[in-house]
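There are 4 protein chains.
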Amino acid sequence: MSGNTIGTAFTVTSFGESHGLAIGCIVDGCPPNMSLSEADIQPDLDRRKPGQSRYTTQRREEDTVKILSGVFEGKTTGCPIALLIENTDQRSKDYGKIKDQFRPAHADYAYQQKYGIRDYRGGGRSSARETAVRVAAGAVAKKYLAERYGVKIRGYLSQLGVLKPDMNNFDWNEVERNAFFCPDVFKVGEMEEYMQTLIKEGNSIGARVNIIASGVPAGWGEPVFDRLDADIAHAMMSINAVKGVEIGAGFDAVTMKGTDNRDEITPEGFLSNHAGGILGGISSGQDITVSIALKPTSSLRLAGRSVDIHGQPTEVITTGRHDPCVGIRATPIAEAMLAIVLMDHALRNRAQNSDVKSITPQIPAQAPDESL
Amino acid sequence: MSGNTIGTAFTVTSFGESHGLAIGCIVDGCPPNMSLSEADIQPDLDRRKPGQSRYTTQRREEDTVKILSGVFEGKTTGCPIALLIENTDQRSKDYGKIKDQFRPAHADYAYQQKYGIRDYRGGGRSSARETAVRVAAGAVAKKYLAERYGVKIRGYLSQLGVLKPDMNNFDWNEVERNAFFCPDVFKVGEMEEYMQTLIKEGNSIGARVNIIASGVPAGWGEPVFDRLDADIAHAMMSINAVKGVEIGAGFDAVTMKGTDNRDEITPEGFLSNHAGGILGGISSGQDITVSIALKPTSSLRLAGRSVDIHGQPTEVITTGRHDPCVGIRATPIAEAMLAIVLMDHALRNRAQNSDVKSITPQIPAQAPDESL
Amino acid sequence: MSGNTIGTAFTVTSFGESHGLAIGCIVDGCPPNMSLSEADIQPDLDRRKPGQSRYTTQRREEDTVKILSGVFEGKTTGCPIALLIENTDQRSKDYGKIKDQFRPAHADYAYQQKYGIRDYRGGGRSSARETAVRVAAGAVAKKYLAERYGVKIRGYLSQLGVLKPDMNNFDWNEVERNAFFCPDVFKVGEMEEYMQTLIKEGNSIGARVNIIASGVPAGWGEPVFDRLDADIAHAMMSINAVKGVEIGAGFDAVTMKGTDNRDEITPEGFLSNHAGGILGGISSGQDITVSIALKPTSSLRLAGRSVDIHGQPTEVITTGRHDPCVGIRATPIAEAMLAIVLMDHALRNRAQNSDVKSITPQIPAQAPDESL
Amino acid sequence: MSGNTIGTAFTVTSFGESHGLAIGCIVDGCPPNMSLSEADIQPDLDRRKPGQSRYTTQRREEDTVKILSGVFEGKTTGCPIALLIENTDQRSKDYGKIKDQFRPAHADYAYQQKYGIRDYRGGGRSSARETAVRVAAGAVAKKYLAERYGVKIRGYLSQLGVLKPDMNNFDWNEVERNAFFCPDVFKVGEMEEYMQTLIKEGNSIGARVNIIASGVPAGWGEPVFDRLDADIAHAMMSINAVKGVEIGAGFDAVTMKGTDNRDEITPEGFLSNHAGGILGGISSGQDITVSIALKPTSSLRLAGRSVDIHGQPTEVITTGRHDPCVGIRATPIAEAMLAIVLMDHALRNRAQNSDVKSITPQIPAQAPDESL
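Residue numbers (our numbering), protein chains in the order written: chain A, 245 to 616; chain B, 245 to 616; chain C, 245 to 616; chain D, 245 to 616.
Note that these hints are calculated values from the structure, not bench results.
Among the hints, a few may not be true.
Identical copies carry no separate label here, and so any pair may be met within one copy or between two of them.
Said to hold, decoys possible - The list that follows gives simulated cross-link-like pairs (lysine-lysine, BS3-like), each with its CA atoms no further than 25 Å apart: (1) 341 with 319; (2) 501 with 444; (3) 341 with 444; (4) 431 with 501; (5) 601 with 343.
So that you can see chain A by itself, here it is in the shape it has in the complex (with noise of 0.2 Å):
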């Protein structure tokens, strides 16, 4: 009801605001007999991690995650997991000046009318602190699809602002070793270059995630509402400064023909993935291919117009620490989102289809590398 938890079969329940004294999660449904350390969920909060690089929020958190509960000598019980990540480099004093505006494309209007009162230190439970948690939890969910059913969930930066990484270049390892996920070595210097003059002018950019699954089995997703790319929608709209998502082709096909966007199948696979692996909100078995937009950060040092408390209009500048691209960091956060869906839909379909034995044949995926 009141939207803190996401997911079904698997589900995340998430707490904390960015100034309190901790964030964290319960994690509960994820299967018995899994192993679970903290150091399976510790490197994906790292990708994510605010201070790594001169491009995203000088904020220092170390983001290291506790587990309380549901693991006992190493094993994942059955019972909830819950996470528990500390707080520590809160300054709340940089928000003190916020108190009584409201930031130009902030929550801080919204949840006041809402609510009638808001933690305003730091964007309190608007801020993008809370995707931590996420991560933590997604890191679950990635290691249980990994080993139990072969899933690799994978994402990079395919544009930030106009700047676009060159598909002939595409490097999955490479989208490790730069602070922007991005998966053309030949880009980043490019993209240093954009953020360094859009940190200087005060300035904020948009960005475009793309985010895939591979090695999902045919069969996920529950038709009619709760089709896969519905709850793929659903999770990925829900990160903050999302604005767009798109599955397959997306928006492309709005000016395909039937002739061109269907993917034709043969007995050695299909031969495209307009669809992005999804057909009637069911996994066919091919990648399954995630595109997102996210909007620039809101938080400028530039001036903008706004009102205060009272109804007056006021000047706001914000000079708190914040990410001059929102979507730089996205990726990690977005494969968690992948990572949660796809794990409670797997979950959803055995309560109901574990005793399906198909007999039909298995399509091969053969999804060309090109089509993300």
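Dock chains B, C and D against the given chain A, drawing on the hints supplied.
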């Protein structure tokens, strides 16, 4: 779990197959004491009804809705409202030949893998015929939202292949006058011509539909997962053939700078609406603007390669009655889904926050028409 | 939210009023590939059907169920199963006079306070007529549980006022032969006599019904809140007129010592079953034993004091057709509810634990018949 | 799905094991702007705290609660409230020897069968230690219900084995003064004596606890499945060791005639309260009266027969620290569960029915104290 219910406080549980006895739904959570009869629901069903122009499927269904429960002496009682639509024009013989084939880009293969069985007649549960049920349920939500909150939900076709209405000619009245829900009277002829060529060719085309909700009060939407935009994305992506969803500026935000994207505020109102009326997952009082991409129909007279249920290569030609552009009839469906989501959040917000008395100023929406 | 849906993985969403067009439900989550037809459901409906003896209401309803969806060529498809029962014998005129009265011990006053409106015809939504829907849905669950897991669910009347069957004469076959679901053939005459006196008097009486599920595998039930016993208690207490629920020893446990109450275990099986087959909220493999208390019918020909809708004192005499003991027809309803809960937990357990291979010994149930 | 969350509009998601790092929960859906601090929660935790008398387990836990989120400057914000209680006195060595045994009447065997693994230290997740979390969450609900609606929730021990308080000596103040929550000061000595004999013997005993909510407005509860009494039954039966639940007259209704059981109404109020304040699943405005049966503790120093994890016969003697009567400390737990259910239904009712203005007369409760 099985995905046939949408909503939390206001729920719609759908049933029925394209060629079964009937389709229908149970609408639960509608507040009591609202006047309601079939006459309130039928008009939207008629807008979606097949066979009304040569540009949509020639299947003839009266789509007459019957209210089975939840209404007493013309008023809702707070009890579940069951809506029934009988199937009358099922020509199941049309589909006999596809029994053993997996039509490319259809749900056939995915359903077979998931359930080990499928009702292949007219696509069974995966048929877009199910969307009639959504339109009926959406009409109930629309009525309540309009009467209780003054919310107005409208949609239009914003793109048909490469053809776009000229926004200078935008006229809401025109939307209801032509077969395409096109707001530009001068574009209708071109669209007709294009569709005739396409039908002759045996091909299909994608489309884009925009939906707008005006008059939504600030404060609806539940952070962090069930944001209003996240739930809208879920609902939209659950519509057959939808492959992309945008809120506000959507993918255009990728190339925007923060200073251009943020919607500045003055006591007279917001100066722009790139956020699409949603901040931090909560409605801001501005127009809620949504845009969706629909892929071209997959059922084509032009042969496509596929495999049969034995894994052997086959050629698929679909001769049944189909829409050459599913996007054409999507407008009332998308409106209905937006209505269902808004209704759900109106009620959800009341559960927790019905005592909140806003002491903060109400910022006028002032969303310029061009933002559509 | 509005409470018309029960279950999580296997759900039943109910609709309909006593004197509306029809009652029915949507059963969602039933696994595919189970053979199912109306003939599988009708027998249980017939067991509950009114007007079969002089000891139950004289309303005559055929209670003929129709499957509207979810079954294709005689098999379930995994899609929602809509069940419809038309109301045929509604004598609404019988109820005109209670329109302005709140019958004591009825839902009239509470519905009016909650919704500000109520369908007073035959009790509307609060009528026990709704339980026909539960019996229909329960029949689907029963069939699956029996075929897939070998679970057998049976019930009987264990007390009618002060009259109790002699457990030495217990015979399951007898249960289906008399109008009371009484397992002791020698007690039936006494019960008939008692009921006739009661009917003459215009009064009613309470009852107790026991329900037993045999063959439930160990491991169903979800700690800590949705324990199997907790969900059973919920389902039983949701039946009209039920005021108490016991699992296993129930209230007898209050005066028992630990050494008497604990069910000791040997390799040959459990030595007793005071736990009612549930340990820590999870099934143990023993018989699941449940007992419920049903209050006497509140609709009486004997005048009772009440107030009318204007708050004025009034006398209420109910002349409609009613059961003098609602407990008599409760047996198939309680069986159905137990089936629905067990089915739900069977599927829920599969979601999370379908990979668990028990390496621990299976303790035989060995629950002696006397434990009933 | 995994059962660790209770509620729909007001939810409590629990985590933690008896001997893990911590236990806790996330309380979601609490309305904003209520003052809240640890001091509002601690008193109820202290009432439940172990080691306070010789009649409860000698484990010493401070049970100090920490609020991690959802409260800002002393007021709730509408965001999730995370509550944490660290485990401090875990003597895990006490439990080493039961690692390979299934203690009779414990959850050991059922957990092992369900999950294939179990945290055997102190019962792990199945330990009643988890109920501390419920008490903490219940305190939040109690506070809101009291402040917003004037609801008062209280409980007392109504039976200890065969010992019952004399209702003529009933005194709510006395309940808080003795270790048993016994309302009859003259019975306390007898109870102490009985418990000492029992402790010497190494045995345990069952108990009964009554809980009453006064001031609940008419109209809470959702027919037909999520009736207020059904949800109360669910919540009560989810408490460790509870084997029976009664609402109002409960099992006494079995032998009552309709004329005796119905609660007649006059403009001055209801003349009795056999319904326990709930009609048709909806609160009537009368006191809500609930009674629960608790089985005797299963952990005994007296040897019991069982099997080990290899299926071999064994003798179990439990030497850890345990309550000789779990019922003694159950009163605050049962109060908490009732508070959580009522809070949930208060909010659920607002979602759908916040516009209902009752024009019908409010019937006074007038529930005589004797009905307790």
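Go through the numbered hints given earlier and state which of them the structure violates, listing their numbers in rising order.
Structure breaks no hint.
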